[in-house]
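Going down the list, the protein sequences come from chains G and X.
Position 302, counted from 1, in the first sequence is what UniProt numbering calls 302; the numbers after and before it change by one each time, with no gaps.
Position 146, counted from 1, in the second sequence is what UniProt numbering calls 146; the numbers after and before it change by one each time, with no gaps.
Where hints are given, some of them may not hold.
As the list claims (entries may be wrong) - Computed footprint of chain G on chain X; a stretch qualifies when at least three of its residues, placed anywhere within it, have a C-beta under 8 Å from a C-beta of chain G:
hint : stretch
1    : 13 to 19
2    : 32 to 39
3    : 45 to 58
4    : 93 to 102
5    : 224 to 233
6    : 248 to 260
Think of the hints as simulated: they come from the structure by calculation, not from any bench.
None of these values were measured; they are calculated from a predicted model.
Where is the CB? At the ideal position from N, CA and C, for every residue including glycine.
There are 2 protein chains.
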Amino acid sequence: MSDKERISLAQGEGGLASSQLVESLFLQAFDNEHLYQREDQARLELADFIRQGDRLAFTTDSYVVDPIEFPGGDIGCLAVNGTINDLAVGGAIPRYLSCALILEEGLERALLERIVASMASAAREANVSIVTGDTKVVPRGKADRVFINTAGVGVIPQGVELAARRCEPGDVLIASGYLGDHGAAVLAARGDLALEMDVCSDSRPLHGLVQEMLKVSPDIHAIRDATRGGVATVLNEFAQMSQTGIVLQEGSLPVRPQVRGFCEILGLEPWYLANEGMLVAAVSASAADEVLSSMRAHPYGCDAQVIGQVVAELPGKVQLQSGFGGRRLLEPLTGEQLPRIC
Amino acid sequence: MSDKERISLAQGEGGLASSQLVESLFLQAFDNEHLYQREDQARLELADFIRQGDRLAFTTDSYVVDPIEFPGGDIGCLAVNGTINDLAVGGAIPRYLSCALILEEGLERALLERIVASMASAAREANVSIVTGDTKVVPRGKADRVFINTAGVGVIPQGVELAARRCEPGDVLIASGYLGDHGAAVLAARGDLALEMDVCSDSRPLHGLVQEMLKVSPDIHAIRDATRGGVATVLNEFAQMSQTGIVLQEGSLPVRPQVRGFCEILGLEPWYLANEGMLVAAVSASAADEVLSSMRAHPYGCDAQVIGQVVAELPGKVQLQSGFGGRRLLEPLTGEQLPRIC
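Chain G on its own, in the form it takes in the complex (with noise of 0.2 Å):
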């Protein structure tokens, strides 16, 4: 292979190198008159939010995931959706997002390619732009290949008010899809375990959803994607912000029996896999039907149900039921068992 097609320490440096790359992968790919303007930011009217909204949306992920590419996905999809997700479930409508790669030297610039075509074809279904960027190359052996840092901006439509700590007793709790889908796409293709399993990462953008939620009601009282740490982690954020209990039928969860097999066999607990496109809403009871049917109609809520229903009793905790009447709680992700998954 010739050198040309290898990243190289030049390419990091933000001289002759760094420009022609910028110029024949980003710009190309990415195509939008804020990166032509090769200016340092980019500059976005904000009369064209103000129709939008009324708040400014702000997040940002890094990605560091590990293979690179796994079924369903890449990091350059996820580096995407993950970013708009997280604009997603405070209700915003996701408009621009930054690119920022960390690249080893070495290298292989076809993959990188790869990557950064992932990351156009995700920003293009999802109408967002990709304006604004920076890549930086470390020495062999300093990095991983590649890690990612997507930043977002959105805006909130007027009157949306999605947050964890406005839980309610009474409320219901529905998930978009099946658990832990990603997590299990992601360990199985590590080459390590000598799993093979028939699961595709669910990385997708979930605003399209979201704002079809919001349409059919109000009362949608808070969502979250489960990522990092699963539905049981995002289940005890929304328990301790807004110090109500949570209460979990086992068998409600929507686990792929793959999914389960697999985490039985390496004692993994599917509410604590991550997932990158299924969220976990909490809505109060006399729209959660309209809610579900709403999410059912969409492409990416067409697996949704009823997983458990906020209560007043185990202020901060999680229980989960089982259908042999046993109960425990389900803590927050604790330990080291799953790095590098996202």
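Once you have looked at the hints, place chain X on chain G.
Just chain X now, with coordinates in the frame of chain G:
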């Protein structure tokens, strides 16, 4: 040293240990209402932006500087000031930053605390809030101690239109301070060079200086801060984007004697060395005196001086004229001489 005093993988997994790290370190250091909400995104009133201008500025940079701590600064203040400056040179008033850390397992907690304190202190000086963040931990050997990404948003006041393409023949080029201080300080701080030098990084926020300049004249066409690739690379961007030529007088370029000596020993040219708190402005000739005076009245512009002119000849090129009548073109930075300078 006990295990408690080093960063563990669990602290990057989104569960209990992550949450404890956020509460014990970031919330206390960055201390603002947006972080205390503990939602996945900060929510910022658009009405508050609109009062300051008509465009949102949005930018990002990752910081991978080696060493992490160096005379005059560290990766923390760099990550805050660098992103502030990418907003400032567009004429924006910086408002909010994100902070995303990639930590190597085993990082000393005390070092992380110093870095975070340095970020908090830099943010306070610049009157910006760090309102959203993310922490990932990768296994030992998969990153080099700590990488930081910050993204920033700010507001561009109505009527401000700074752009490299706006440079015009006749414009005067003004540098706000000495060339290459940051690059020299960081290179000298690397143990492998075995060189000692009495110079500090110039890491500092430039938005106050830029706002003072904009107050005295609307005839400032472009501003950039000279970071990676130095003044030579910034001026090549001015020349290329505006298709003008740029002529510099070598004798007018402000370089500290110790930085000049350091460059001679290493075979470097100071106009390729990075700054992290020094800008170059292209100003119409009629406004140059007034703008220069306003810069010299500001603590971060007190060493400002005219370094060259924009000309119609040599479109897209930068020419350096020596005191002895010699002329040569300065290309943008090429090669791999200065990795991990920021």
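Taking the hints in turn, this is what the structure says about them:
1. Taking a C-beta to C-beta cut-off of 8 Å, the stretch 13 to 19 of chain X contributes 7 residues in contact with chain G, enough for the three needed, and the coverage statement holds.
2. By the rule of at least three residues with a Cβ nearer than 8 Å to a Cβ of chain G, the coverage given for the stretch 32 to 39 of chain X holds, with 3 such residues.
3. Coverage of a stretch by a chain is defined here by at least three residues with a beta carbon nearer than 8 Å to that chain's beta carbons; for the stretch 45 to 58 of chain X and chain G the count is 11, and the condition holds.
4. Against chain G, the stretch 93 to 102 of chain X contributes 6 residues with a C-beta closer than 8 Å to a partner C-beta. That satisfies the three-residue criterion, and the hint holds.
5. Evaluation of the coverage hint for the stretch 224 to 233 of chain X: fulfilled, as 6 residues show C-beta separations to chain G shorter than 8 Å, against a requirement of three.
6. With 0 residues having a beta carbon nearer than 8 Å to a beta carbon of chain G, the stretch 248 to 260 of chain X misses the requirement of three or more and the stated coverage is violated.
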